[in-house]
Amino acid sequence: MTDNLQDVISPKLAAAIANPLFPAVDSQLRSGKHIGTEHLDNHAFLLDFQTELDLFYRRYNVELIRAPEGFFYLRPKATTLIARSVLTELEMLVGKVLCYLYLSPERLAQQGIFSTHEVYDELLNLADEGKLLKAVNQRSSGSDLDKQKLAEKVRAAIGRLRRLGMIYTVGEPNSGKFTISESVFRFGAEVRAGDDPIEAQLRLIRDGEAATPQSLQAEKAALQRDTESTENDTDVEDEFVEEEQE
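The opening position of the sequence shown corresponds to residue 1 in UniProt numbering, with each subsequent residue numbered one higher.
Hints may be right or wrong, so weigh each one.
Within a straight-line C-alpha distance of at most 27 Å, the following computed DSS-like cross-link-like pairs (lysine-lysine) qualify [unchecked claim]:
| no. | residue 1 | residue 2 |
| --- | --- | --- |
| 1 | K147 | K131 |
| 2 | K153 | K131 |
| 3 | K147 | K177 |
| 4 | K12 | K77 |
| 5 | K131 | K149 |
| 6 | K149 | K134 |
| 7 | K33 | K153 |
| 8 | K33 | K177 |
| 9 | K134 | K153 |
| 10 | K147 | K134 |
| 11 | K149 | K177 |
| 12 | K77 | K33 |
| 13 | K153 | K177 |
| 14 | K12 | K33 |
Just the calculated beta-carbon pair ranges, DEER-fashion [claimed, not checked]:
| no. | residue 1 | residue 2 | range |
| --- | --- | --- | --- |
| 15 | V8 | A135 | 44 to 52 Å |
| 16 | A14 | N125 | 51 to 59 Å |
| 17 | S141 | L40 | 44 to 52 Å |
| 18 | V8 | L108 | 44 to 52 Å |
The hints are simulated quantities; they were obtained by calculation from the structure and are not laboratory data.
Since this is a predicted model, take the numbers as computed values, not measurements.
Every residue, glycine too, gets a C-beta built ideally from N, C-alpha and C.
Please work from the sequences and hints to get the whole structure.
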């Protein structure tokens, strides 16, 4: 039994799993959280054991990715055994606004601190308010109530991105103020490559960096076709064997 385990687990991987930091880091990665240099110990741990842990997570059909900006996260494949985190279109749009603010001159002027209200204002400045309201409520008339619901959705999106390690609260928990992590570059593929934003988003979806209900449905259909194809091949092989035996 011990020999078999040694064949599967290298001494360095065993050391990584035995490390006191592993349980917390593993749980955070599996929940979809991004780990950057803001978390010095956890980030250093991943740097030390990156190769071994990547092989470990590949057994679950996910990859341990270190982005060009240095942060770590798990990128699921279509056959992932770890639950994947799917963002709504509004959450992805808010993420793009955060990436824009991260690169803006205001970040230096404000010591890197932003507020929920600033994100909401920038979102309205960069996107069509009517379309945003329709995304929240198809029957939106542009009333104050509709705008209030949109603001609530934006706050919820910011809260979701905070749990994923994209931003960090500054001051009181309900202050609405935060700093932006480099992990928002998950939404900035076009910034990295200078691509068209739509094409960049499609590439994110193809690479497993982002997902929409439609892309997940397409993956599910493709997997089902592969399974049916394999079963059909097996049936043909069985029939061929039976004919030979006769």
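How the hints compare with the structure:
1. K147 / K131: Within the cut-off at roughly 12 Å; holds.
2. K153 / K131: Holds, because 14 Å separates the two Cα atoms, which is no more than 27 Å.
3. K147 / K177: Holds, at roughly 21 Å.
4. K12 / K77: 25 Å, holds
5. K131 / K149: With a Cα-Cα distance of about 14 Å, the restraint between K131 and K149 holds, given a limit of 27 Å.
6. K149 / K134: This hinted pair holds, its Cα atoms lying about 11 Å apart.
7. K33 / K153: 21 Å, holds
8. K33 / K177: Answer holds: K33 to K177 is near 20 Å, not above 27 Å.
9. K134 / K153: 12 Å, holds
10. K147 / K134: 10 Å, holds
11. K149 / K177: 20 Å, holds
12. K77 / K33: 17 Å, holds
13. K153 / K177: 17 Å, holds
14. K12 / K33: Status holds; Cα separation ~24 Å.
15. V8 / A135: 44 to 52 Å: At roughly 47 Å between Cβ atoms, A135 and V8 fall inside 44 to 52 Å, so the hint holds.
16. A14 / N125: 51 to 59 Å: 52 Å, holds
17. S141 / L40: 44 to 52 Å: 50 Å, holds
18. V8 / L108: 44 to 52 Å: 49 Å, holds
This entry satisfies every hint, going by the numbered hints stated previously.
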